[in-house]
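Numbering-wise (this note's numbering), the sequence shown opens with residue 105 and increments by one.
Keep in mind that the hints were calculated from the coordinates and are not lab data. It is possible that part of the hints are untrue.
Unchecked claim - Restraint-style ranges between C-beta atoms, simulated for each label pair:
1. A179 to K148: 16 to 24 Å
2. N158 to L183: 29 to 37 Å
3. K148 to T180: 17 to 25 Å
Heads up, the beta-carbon is just placed ideally off N, CA and C, and yes, glycines get one too.
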Amino acid sequence: MSIFLEITQLENGDIVLREAEEEAPEDGMELTASDSVELAQADKEPLVRISFSNQVKDMLGGDLVGVAEAMIDAATDYLDGDAIEVEAEAPPPVIH
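All chains, full assembly: derive it from the sequences and hints.
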């Protein structure tokens with residue numbers, strides 16, 4: 105059984121990564137983050153929650169979800185690569 109994830113914007117403006125509420129499409133294609141962006145309230149605790157300050161929300165405007173999606177993509181790319189093996193040898197990454 106596959107688990108499908110979605111990036112969703114909640115009513116309070118937070119962006120969350122959570123298990124998709126719907127199953128994958130019949131044609132076998134997986135749901136993508138951009139296909140699943142919607143305004144909804146999660147029933148379960150999300151896997152990731154990104155909360156931006158009002159100042160940043162105003163600054164990003166319509167790009168808010170895109171920036172959150174890029175942040176989640178960067179985290180999954182980091183975990184998907186050799187970064188986990190290098191982590192013990194390298195200093196912790198700088199967060200800007």
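Now the hints, each set against the structure:
At about 20 Å, the CB distance of A179 to K148 agrees with the hint of 16 to 24 Å. Between N158 and L183 the beta carbons are some 30 Å apart, a value that agrees with the proposed interval 29 to 37 Å. Roughly 20 Å separates the CB atoms of K148 and T180, a value that falls within the hinted 17 to 25 Å.
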